[in-house]
Amino acid sequence: MTLSMNKQIKSVIFHVIVLGCGLLMLYPVFWLISASVKPTTEIFTSKSLWPSAFTFEHYSSGWTGMRNIQFGDFFLNSILLCIIAVIGTVLSSSMAAFAFARIEFPLRKLFFALMLGTFMLPGHVTLIPQYIIFHKLGWVDTFLPLTVPKFLGDAFFVFLIVQFIRGIPRDLDESAKIDGCGWTTLFFRIILPLSSPALITAAIFTFMGTWDDFFGQLIYLSDIKKFTVPLGLRLFLDSSGSSNWGAVFAMSVLSIVPSLTIFFLGQKYFTQGIATTGIKG
Amino acid sequence: MIKTKSAAVSMLTLAILLSACGNNNNNSNAGASSPAAPASSQAAASPSAASGEKVELRMAWWGSDERHEKTQKAIELFESKNPGVTITPEYSGFDGYMDKLNTQIAAGNAPDLIQMGGNIKEYVDKNALLDLTPYVGSTIKLDDFNQGLVQSATFDGKLYGVTLGVNSTSLMYNKALFDKAGVPVPGKDWTYDDLKNVAIQMSEKLGKGNYALYDLSSDSGAFASYLGAYGKKLYDTDGERHFEKEDAVNWFKYWADLRAAGAVVPADVQVANPPTAADTTLVVKGQVAIQAGSASQLAGWQQLTQDTLGLLMFPSGPAGSGMVPPLSGQYITAYADTKHPEVVAKFIDFMVNDPEAGVILGNSRGVPPAGKIRDALAAQATPVDQAMYDYISLVADTAPPVNYVQFPVDNELLALMKLTTEKIGFNAKSVDAAVDEFMTEVDKLIAKSKAQ
Chain A
714 MTLSMNKQIK SVIFHVIVLG CGLLMLYPVF WLISASVKPT TEIFTSKSLW
764 PSAFTFEHYS SGWTGMRNIQ FGDFFLNSIL LCIIAVIGTV LSSSMAAFAF
814 ARIEFPLRKL FFALMLGTFM LPGHVTLIPQ YIIFHKLGWV DTFLPLTVPK
864 FLGDAFFVFL IVQFIRGIPR DLDESAKIDG CGWTTLFFRI ILPLSSPALI
914 TAAIFTFMGT WDDFFGQLIY LSDIKKFTVP LGLRLFLDSS GSSNWGAVFA
964 MSVLSIVPSL TIFFLGQKYF TQGIATTGIK G
Chain B
122 MIKTKSAAVS MLTLAILLSA CGNNNNNSNA GASSPAAPAS SQAAASPSAA
172 SGEKVELRMA WWGSDERHEK TQKAIELFES KNPGVTITPE YSGFDGYMDK
222 LNTQIAAGNA PDLIQMGGNI KEYVDKNALL DLTPYVGSTI KLDDFNQGLV
272 QSATFDGKLY GVTLGVNSTS LMYNKALFDK AGVPVPGKDW TYDDLKNVAI
322 QMSEKLGKGN YALYDLSSDS GAFASYLGAY GKKLYDTDGE RHFEKEDAVN
372 WFKYWADLRA AGAVVPADVQ VANPPTAADT TLVVKGQVAI QAGSASQLAG
422 WQQLTQDTLG LLMFPSGPAG SGMVPPLSGQ YITAYADTKH PEVVAKFIDF
472 MVNDPEAGVI LGNSRGVPPA GKIRDALAAQ ATPVDQAMYD YISLVADTAP
522 PVNYVQFPVD NELLALMKLT TEKIGFNAKS VDAAVDEFMT EVDKLIAKSK
572 AQ
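Chains as they are written, first to last, in this note's numbering: chain A, 714 to 994; chain B, 122 to 573.
Incorrect hints may appear among the rest.
List time: in silico DSS-like cross-link candidates among lysine-lysine, alpha-carbon distance up to 27 Å [to be verified]: (1) LYS760/A x LYS301/B; (2) LYS301/B x LYS849/A; (3) LYS406/B x LYS760/A; (4) LYS939/A x LYS191/B; (5) LYS194/B x LYS938/A.
Derived list of chain A stretches under chain B, where covered just means 3 residues or more per stretch with a C-beta under 8 Å from a C-beta of chain B [to be verified]: (6) 838–850; (7) 957–967.
Source of the hints: derived by calculation from the structure; they are not laboratory data.
Just so you know, even glycine gets a beta-carbon here, dropped at the ideal spot from N, CA and C.
Start from the sequences, fold in the hints, and give me the full structure.
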């Protein structure tokens, strides 16, 4: 009796602490949401999370307040970029991973090492040479520099998927081959479906990375009509002058919705992907 | 699976189609507009426009939505006055602006017109900016400009930028706290003794958690102004310091006394709530009455509070006011490799001297440098704008006619002043000992700047 009572008390204390920590970590999110519906004069002056008066003016001014463009256009651009990036990354990385994990070809180890080397290279080193290449190709101020490279694989995801595929029993390959499968069918029919947790992990990472990427999009996109959400958000901010804070917060709230949705939709596979690659790799 | 794929494919196709349409539109527009437009007498000044060929320029600036909108309207006005010229705006927030510009310069792909801040010299040294001297007088008219503003963008006798707006250091105050304490807001002729009295008096009346004044002892601008008020100078064209240990002791002692009297924001509170940004300063929150800041921040910060904010000059001393004359906040510069330097020069003149453009741009980049534009704006100013104009004019009238030279390694001086303040503030050193170290380090900084 006392033992179970003890257990219950412990469990209550545990939950209170966990709940407290959770709320503490969520505080910035609550603050953001609260700031987005507060009158401008209250955003930085009032400590209360509950605004004295609710206003949705920031949402409307942020959404339509810009000249010749609506914030919705930035969302469409971002979504388009993300979709292409996800398809490109998942397709190309999984193919490369399949080759590294299953096919014996000359210098395989060297190529694998070279590929890993590319993801050790800091992005800043390649930034300017890459920009010059894209400029010479006439691709600056288009979506091409942000999408085409995604179809050439991403070292980190190739590595992630290689580790996953190595965990899939080779017996399956062999039985498929006996049934007459070539490399292509083996890849599309056997390996790809079985590695879906890793693919979904790669897809979610790519989506979030592209959705939140500010610098790459800033460098390559100049025309306001091609702007994406991260660039659009910064349009309200001028560190050396006046900033439209209300609109920034309101649009920030909207901009985290897609990331959250994708994350919760794929959450199950996401953790599964990380966990299984960890164990079996 | 198949559905998403086909959806993606159709989206891709759509994107390609859309972009193709966009291009067609551009071409047909250009084709339609350039032959139809007879070269005006003004456009004849530039050979490229006169030949009926169309001129395409790009212009980059940073700012917030208000500035974006006003600048675009000014560009449209210029385009309508100069048929055949198209200026494509490339605007963003300040985050990453310089990084993008650096990348573009490295690739030889920078915009023709570039908004530049105080770091203009860095780009002059990189040979990235166009020498505007040949156009001064003929295309770019600067007669109406304060000579100091022209000097600030002149390097080795060549002009590289034109000021878009002037700005000045100030003491920004929250009037509600003065009202609450029942202390009148000081006038323009106040002294450092007045400041001390006001601060002590107000802090007593405002009670716990509220303060009269941010601790300005580590603010190099405030220190320079103090030295000026006592007939000294922080630094001058000869590259030497023009103050003695005694002056620095007086300065740090002044703030140590205020600190001891509880009249300034304590160090820990100040670190947690720095007065440099709207979202952290306690002046906007209504807990501190006075801080140092730049005058152009007034309008933006006023929107964030219901209290009335205002601007005060730094106090005077025995030698009068130590205020520095209004300085350039932002410049418009041209890319060294622009293909149409004449049109670029013409647009630069348009931005600062055209009355219509002046009214459109307003004070979106600080107070306009040309007097006639300021006069045109005064008619439509809001009370906050008016307060800012009045303040800039007041500083321009009050500031002694000295050639102001900024300390060469200002960031390091700032760090040094902060360190000295902390040594004294946390009682690690006496004022005298801390200032001894301060003077040694200042001389090292000056030696370092000479070596550069």
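Okay, the hints, checked on the actual structure:
1. LYS760/A x LYS301/B: Holds, at roughly 20 Å.
2. LYS301/B x LYS849/A: The hint is violated at about 64 Å.
3. LYS406/B x LYS760/A: Between LYS406/B and LYS760/A the Cα gap is close to 10 Å, so the pair holds against 27 Å.
4. LYS939/A x LYS191/B: holds, 20 Å
5. LYS194/B x LYS938/A: holds, 17 Å
6. 838–850: holds (count 5)
7. 957–967: Our answer is that it holds, as 3 residues pass the Cβ test (under 8 Å) against chain B, meeting three.
Comparing the model with each numbered hint stated earlier shows that hint 2 is the single one that does not hold.
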